[in-house]
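Trainee: Chain U with the ligands: place on chain Z using the hints.
Going line by line, the protein sequences match chains Z and U. This note's numbering puts the first sequence at residues 1 to 273. This note's numbering puts the second sequence at residues 1001 to 1418.
Hints are computed from structural coordinates only; laboratory data are not their basis. Honestly, I wouldn't trust all of these hints.
Unchecked claim - Partial list, computed: chain U residues near chain Z (C-beta under 7 angstroms):
(1) ALA1225
(2) SER1292
(3) ALA1295
Stated by the list, open to error - Here are some, though not all, of the chain Z residues that point toward chain U, as calculated from beta-carbon distances under 8 angstroms:
(4) VAL67
(5) LEU104
(6) GLU119
(7) LEU169
Unchecked claim - 25 angstroms max Cα-Cα, derived SDA-like pairs, lysine to any residue:
(8) U:LYS1302 / Z:GLU38
(9) U:LYS1302 / Z:ASP109
(10) U:LYS1302 / Z:GLN100
(11) U:LYS1302 / Z:GLY123
(12) U:LYS1302 / Z:GLN129
(13) Z:LYS144 / U:ARG1036
(14) Z:LYS144 / Z:ARG81
(15) Z:LYS144 / U:ALA1223
(16) U:LYS1302 / Z:ASP101
(17) Z:LYS144 / U:THR1229
(18) U:LYS1238 / U:GLN1188
(19) Z:LYS174 / Z:GLY123
(20) U:LYS1238 / Z:LEU125
(21) U:LYS1302 / Z:VAL82
(22) Z:LYS144 / U:ARG1224
C-beta: ideal position from N, C-alpha, C; glycine also.
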Amino acid sequence: MTLEATAPEQTAPAREPVLSIKQISKGFGAVQALTDIEMDVYPGEVVAIVGDNGAGKSTLVKILAGVHTADSGQIFFDGRRVTIPTPAASRELGIATVFQDLALCDNLDVVSNLFLGRELGSGTLDEEQMEQQSWTLLRQLSAKIPSVRIAVASLSGGQRQTVAIARSLIGDPKIVILDEPTAALGVAQTAEVLNLVERLRERGLGVVLISHNMADVQAVADRVVVLRLGRNNGNFRVPDVSYEEIIAAITGATDNAVTRRATARPTQEVPEA
Amino acid sequence: MTATNTETPAERAADQQDERLILDEGLGGAIRSFGRRVRVGNLGSLPVVIGLIVIWAVFQILNPSFLSPDNLVNLSLQCAAVGTIAIGVVLVLLLGQIDLSIGSVSGVASAVLGVTFAQWHWPIWLTIIAALALGAAIGLLYGLLFARFGVPSFVITLAGLLAFLGLQLWILGPNGTINLPFSSWVVQVATSMFLPPWLAYTFSGIAVLVFLGSDWLRARRRARAGLSTGSRGLMLAKAALLLVVLVAIVAYLAQDRGVGVTFLLFVMLVVITNFFLTRTRWGRAVFAVGGSVEAARRAGIKVNRIFISVFILCSAFAALGGLLSAARLTAASNSSGTGDVNLNAIAAAVIGGTSLFGGRGSAWSALLGIFVIQSISSGLTLLSLDSSVRYMVTGAVLLLAVIIDSLSRRSRASHGQA
Ligand SMILES: Nc1ncnc2c1ncn2[C@@H]1O[C@H](COP(=O)(O)OP(=O)(O)O)[C@@H](O)[C@H]1O
Ligand SMILES: [Mg+2]
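Here chain Z stands alone, though its shape is the one from the complex (with noise of 0.2 angstroms):
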């Protein structure tokens, strides 16, 4: 798949971006984590969000996840206008979160992990369907955990990120969210997590991909987001853009000129169903 390709689709004027943030704003007692943030994120793209350390990247993903709640601004899904009060209302919505530190509990072992919070069964718990589809699960994403039935504390990082990646998956999401998750891995668990993140657009989903590394960036991601100090920084077709262009734009080298905009935004100003 070219990503020329998909650039037609996306201008075409049917198609609504599944999310849509506008001007969010937050803040953290006399930090400003963010000011007047806009995303958009369409069906079988893969949007990277990148910026510099405390950017505010974990923040905007925690007020999509439902763990911050924002303090103006506006949350659009499929087009309605929504808002995000708890983690349980950002999953019914379909988004799909895998934080930063991965939020596993370390005691409880894969199965348990991956079904916290809406588990099968209606009375007891039905651990046998549970730890099938975990199988299934595992399987889909080419995932290497040799039992589901090991305390999570026990598994390497990579497989930890899987095991995380694949929690977000149960509940048929429209958009996953990923915080940062190559940040700890090693050259090869990098490679499985990303090709997990193409395995994701494949489905038709959403992925939000917060990375600190370009090259990862660079690989996956269909359109770059780059925030600087809380704030918009520029957004940008990853095809159209060199890494020395991003770059400039993480370290604020290109503040107040003329930022890229991505071609297709096209539908910036349809939202208001």
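Mentor: Leaving out everything else, chain U with the ligands in the frame of chain Z:
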């Protein structure tokens, strides 16, 4: 695939296809995998079982009447009240919290029993409901304070320890002691009601059938889901072993008075709590919150509800323990629930193998732990040693249990299983 294994992975159950898996099949396999778990620090109830055997052996050598049916029946009756309180402690410990006020809450429940039943002549069921409801209300208060203000449970319940001791004294009034009529139903139940042997055997049989049945059903569900099922022989062997143990216990105790009703109640509460902890969403949530509050919260678990429900249950178990203890001693007094009740109940949960660090443990640790504590107490009493020695020995055992907990935690960490 040129597998040295005769089976190709595809022929194996869904959960055994990874070639790195060490497959433990049959009885020998079960023993090997148990050994491996122990080595990496997943000790479970192993230390306490060994400890209990050592304690019993030592006391039996020092005083041959220690393991007599008569003494064991007494021991089982002594376990019921504080053991019931310890079930609640296990629950709060699983969340990584603590309740220091269980003794006072049990004392309040005793006082309620004394006043409403012996003085106001309420029907017994109403008294019991009132006492349990008061306990639950106290737990609700703790839970709300904890969830709302985030005050550490250590401090909230320390305040509760004092406040509810005061409430207990106030309810009992100036006399300080209210005797329960010896002929009353509660007292009879707690002091002299025992299962006739035929009924005890029937219960044992039912317990084994339920155990075997649930194992068998699980194996069938697993087979249907394409998962490995474990060996039938092992399943039958476990059930047979359970049957032998239960029948031996019943037969031995039947040489004296038999299985006390309150002891049976305690064991059943342990079994029921264990069921809820291991087989329901609520139980899974308790372990998740104990493992990582933030992870549980982000998984959509209503963490505060879990905290509140557990504090309610803990105080309600404490109240029930207070009722059992008052009924057994045929009185509610200023000293009900004071002294070592508090510490014994907490010590029992920890000695039984529930981790102080949260997220690890089992309802069975209440049973095992209280056995250890009451065995020490009973053995030293038989040796005519007074409570000074008892406190010191129990303290040493508790310290040992906590050290084992910490060491096994460290060992799990170094084996990547923290
Ligand atoms: N819970 C919080 N309380 C206070 N400040 C916070 C909190 N979370 C994030 N911040 C602040 O918000 C800013 C953005 O942080 P974050 O979103 O984690 O950045 P990034 O993930 O891009 O490195 C930082 O200055 C950080 O200190
Ligand atoms: Mg971050």
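Trainee: Now, for every hint given, state plainly whether the structure supports it.
Mentor: Consistency of the hints with the structure:
| no. | hint | in the structure |
| --- | --- | --- |
| 1 | ALA1225 | 4 angstroms, holds |
| 2 | SER1292 | 5 angstroms, holds |
| 3 | ALA1295 | 4 angstroms, holds |
| 4 | VAL67 | 6 angstroms, holds |
| 5 | LEU104 | 6 angstroms, holds |
| 6 | GLU119 | 5 angstroms, holds |
| 7 | LEU169 | 14 angstroms, violated |
| 8 | U:LYS1302 / Z:GLU38 | 31 angstroms, violated |
| 9 | U:LYS1302 / Z:ASP109 | 20 angstroms, holds |
| 10 | U:LYS1302 / Z:GLN100 | 21 angstroms, holds |
| 11 | U:LYS1302 / Z:GLY123 | 18 angstroms, holds |
| 12 | U:LYS1302 / Z:GLN129 | 24 angstroms, holds |
| 13 | Z:LYS144 / U:ARG1036 | 22 angstroms, holds |
| 14 | Z:LYS144 / Z:ARG81 | 39 angstroms, violated |
| 15 | Z:LYS144 / U:ALA1223 | 23 angstroms, holds |
| 16 | U:LYS1302 / Z:ASP101 | 20 angstroms, holds |
| 17 | Z:LYS144 / U:THR1229 | 22 angstroms, holds |
| 18 | U:LYS1238 / U:GLN1188 | 36 angstroms, violated |
| 19 | Z:LYS174 / Z:GLY123 | 28 angstroms, violated |
| 20 | U:LYS1238 / Z:LEU125 | 23 angstroms, holds |
| 21 | U:LYS1302 / Z:VAL82 | 21 angstroms, holds |
| 22 | Z:LYS144 / U:ARG1224 | 24 angstroms, holds |
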